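Protein chains: 2
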Amino acid sequence: MKAIKTGNNQYLKELNKAIIMDLIRTSEGISRKALADKTGLSATATGTIVSSLLDDEYIQEKGLGKSSGGRKPVILELKPRSYFAFGFDIDSHCLYTIVMDITGDVIYKRKRENQNDFTPQQAIKTITKEYTKAVTKLKLSEDKILGVGVSVPGILDIVSKKIILAPNLGWSMVELLEPLKSALDIPVYLDNESMCSASCENWLGLCKDVEDFICINIESGIGSGLFLRGKAYRGISGSAGEVGHIPVNESGPVCKCGNVGCLETIASINGMVARANKSKKNNHDIGKTFNELLKNAREGDEECLRVLKEGAVSLGKAIAYLINTINPQKIVLGKRFPDYSELVIDVIRKTAKKYALTYPASQSEIIPSSFGEDSSALGAAIIPIRKLFGR
Amino acid sequence: MKAIKTGNNQYLKELNKAIIMDLIRTSEGISRKALADKTGLSATATGTIVSSLLDDEYIQEKGLGKSSGGRKPVILELKPRSYFAFGFDIDSHCLYTIVMDITGDVIYKRKRENQNDFTPQQAIKTITKEYTKAVTKLKLSEDKILGVGVSVPGILDIVSKKIILAPNLGWSMVELLEPLKSALDIPVYLDNESMCSASCENWLGLCKDVEDFICINIESGIGSGLFLRGKAYRGISGSAGEVGHIPVNESGPVCKCGNVGCLETIASINGMVARANKSKKNNHDIGKTFNELLKNAREGDEECLRVLKEGAVSLGKAIAYLINTINPQKIVLGKRFPDYSELVIDVIRKTAKKYALTYPASQSEIIPSSFGEDSSALGAAIIPIRKLFGR
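Line by line, the protein sequences are chains A and B. Mapping to our numbering: the first sequence position 364 is 364, numbers consecutive. Mapping to our numbering: the second sequence position 243 is 243, numbers consecutive.
Because the hints were derived from the structure by calculation, they are not lab data. This structure is a prediction, so every number in the text was calculated from the model and none was measured. Check before you lean on any hint, since a few could be wrong.
No distinction is drawn between identical chains; accordingly, a pair holds when it is met within one copy or between any pair of copies.
Unchecked claim - Straight-line distance between alpha carbons at most 27 Å, and here's what the computed BS3-like set of lysine-lysine pairs gives:
#, residue 1, residue 2
1, 295, 111
2, 330, 231
3, 162, 330
4, 144, 354
5, 353, 137
6, 387, 231
7, 231, 208
8, 109, 181
9, 13, 38
10, 208, 33
11, 353, 162
12, 38, 133
13, 231, 161
14, 353, 161
15, 354, 330
16, 13, 144
17, 256, 353
18, 231, 79
19, 354, 162
20, 161, 38
Could you put the whole structure together from the sequences, leaning on the hints where they help?
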């Protein structure tokens, strides 16, 4: 990315700093000269920015690179364990906590179970407690904490970030941002859970240089985060990506949204467990949890396998529609999906190929996420880190 | 939009010129001082650009504006009939020709019927003939012609613009751009037909300041063009917006794509005509054209009305998925749709509301286009004009 000559413009100075930081991050080792060449800034201007980043300990000198004639150049890299960000993911029955350094390394990870769904007040209280606990345990200096990102399973107002609806938590019109800012006294950012997962794929996962992708989260419900032209796409009011209610089976179950045969009634974890428990065709006790369903399926229980495959066919149909409409390069299936990907991914790919148009289907790859259930907490921690790199 | 200080950078000079031009266009009358204020350029730099635009006759002085203390300022506007662009739309049985000036005024319009589908060679020949005819008739000087845009009903390669597939023309892997450039000896641009219509809505129609919208064309088939974050969205390989194959009825007709109950089998013009002709329930002769179908429906023929309403319900369902997935501000229904909008728009709105999630549905407006069948030719003519304004 080309930098811009700044004069005394503070905004442009910060922008150039971010551009330099981002080049150091993405190159995984780069010299001052290469930075100047790539940004178009003078050697002096580049040197000044690099010195200030070294002083502030965002970056460090890694060693000497290869010479292209003269002296061997000093290679710069991000400094691990220098600055940190927190990511929280509010799930219906638990809170995930992640602490990440600016290189993307996770240095702390915790899952705290909750007996019931969090109320907003409980969520604020628990996040504050977990934050303090981690800061103390890791002996973090507050001036090294970039901020806190919070992932919420719901629709957020695009401007105010008020939570308009979070059905799995039973929340509507909830203000979480300001109370958290007051409680933590540090920059706080909220985002939708699926968007946090998509952001995690984009920053650390399988979609680092992918312009157009969709990250579909399979868990109690089904949601997705869209990255289009390399950036989070939210729609006009922040609710883009609600793919859980694509109808995929006209004779399917009634969904809580009021319609029939929505994707999430058939392909979500809750949907699959309900369908397995409803089936009386076999003598096995399928049990009430998804882990039991998976165990039975792996042991050859046909009813459990059938439920998983029906989920996969439905997901494949919905993906076909997304391929036709959005023409993405990748579709990443995340959250619980990697736990059972090997049982169903072929069915999903085959179904999507069958129902999508040939050309866009040939351009799209359907893959399981390399993260599991903590992708949203990871993505939440990435929000304050991204800002450092002007992303 | 802020301009950038240029020094001697030719690229930035052109950029600033385009920014000034675009401000003049969108303000519909603006003074030099207001231009300087809005761009952040000096009075001298602004004056130089304005003089050069006046010399080249892109703009003209309109008269005097209101004084804010001193002299009354001279108001600048785009100069009508100064520069022109051509738009062609290759349809299966006809070619639309549009000539537009830089203000967006259409000064020439022609629809040329063809007995059969165009072959690529026929298309090139016919476009060349129609171009020459219009240039001669309008006595256009070639240095005042900005370029030619061509709308094609198919999927174009995003880089080479080769036509990968145009099913209604029976074309696959067709090179049209280079032969047309050679034949016309002027800049030529190709784009997908639905995207041309969307671009027309964005430049001249109902979506001028709309960030996220979808323009769905109802004609022999069904396609759509997506504008997301204010810009054409094409997907990773140029085929985004293929909404004609969203499945909407599991017991519906078999589609030419091989699947069952695709939107366009039920809601396209060809689909509706086929369904009306297939129906034997009434004694009317429904006839073979969509115009006859509409006439009968308006005269109270229940079968014809039923076919239109089934189309509307299917369209409403597909729009519901689009609302959930993309969360657009507007959904514009174009091409043949305005001809019968009043008969079905309420059914479409009601169905979309029923099947979409409440919140995004409340943020989306479903409206008929204010253009008819020539929206793609208009959008094609806009391609060379857009470039003048850096858009």
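Comparing the hints with the structure gives:
Taking CA atoms no more than 27 Å apart as the test, residue 295 paired with residue 111 passes inside one copy only; the shortest distance there is 23 Å, against 65 Å between copies. For the identical chains of this complex, residue 330 and residue 231 are neighbours both inside a copy (14 Å) and across copies (21 Å), given an alpha-carbon limit of 27 Å. In this assembly of identical chains, the alpha carbons of residue 162 and residue 330 lie at most 27 Å apart only when taken from different copies (23 Å versus 30 Å within one copy). In this homomeric assembly, residue 144 and residue 354 never come within 27 Å of each other (Cα to Cα): the closest approach is 51 Å inside a single copy and 50 Å across copies.
In the homo-oligomer, the alpha carbons of residue 353 and residue 137 never lie at most 27 Å apart, since the shortest distance is 50 Å inside one protomer and 51 Å across protomers. Proximity of residue 387 and residue 231 under a CA criterion of 27 Å is satisfied in both settings, with 13 Å inside one chain copy and 24 Å between copies. Taking the shortest alpha-carbon separations for residue 231 and residue 208, both the intra-copy value of 11 Å and the inter-copy value of 23 Å come in at or below 27 Å. Proximity of residue 109 and residue 181 under a CA criterion of 27 Å is satisfied intra-copy only: 22 Å inside one chain copy versus 60 Å between copies.
When the C-alpha separation of residue 13 and residue 38 is checked against a cutoff of 27 Å, the pair qualifies both within a copy, at 16 Å, and between copies, at 22 Å. In this homomeric assembly, residue 208 and residue 33 come within 27 Å of each other (Cα to Cα) only inside a single copy, at 25 Å, whereas the closest approach across copies is 45 Å. In this assembly of identical chains, residue 353 and residue 162 lie within 27 Å of each other by CA distance solely across copies; the values are 23 Å between and 39 Å within a copy. For a Cα distance limit of 27 Å, the shortest separation of residue 38 from residue 133 qualifies neither inside one copy, at 42 Å, nor across copies, at 50 Å.
Taking the shortest Cα distances, residue 231 and residue 161 sit within 27 Å of each other both inside one copy (18 Å) and across copies (24 Å). Proximity of residue 353 to residue 161 under the C-alpha cut-off of 27 Å is restricted to the inter-copy arrangement: shortest distance 24 Å between copies versus 37 Å within a copy. For the identical chains of this complex, residue 354 and residue 330 are intra-copy neighbours only, at 17 Å inside a copy versus 31 Å across copies, given an alpha-carbon limit of 27 Å. Within a single copy, residue 13 and residue 144 get their C-alpha atoms as close as 21 Å, which meets the 27 Å cut-off; across copies the closest is 42 Å, which misses it.
Taking the shortest alpha-carbon separations for residue 256 and residue 353, only the inter-copy value of 16 Å comes in at or below 27 Å, while the best intra-copy value is 29 Å. For the identical chains of this complex, residue 231 and residue 79 are intra-copy neighbours only, at 26 Å inside a copy versus 38 Å across copies, given an alpha-carbon limit of 27 Å. In this assembly of identical chains, residue 354 and residue 162 lie within 27 Å of each other by CA distance solely across copies; the values are 25 Å between and 40 Å within a copy. Neither within a single protomer nor between protomers do residue 161 and residue 38 lie at most 27 Å apart by alpha-carbon distance, with minima of 36 Å and 30 Å respectively.
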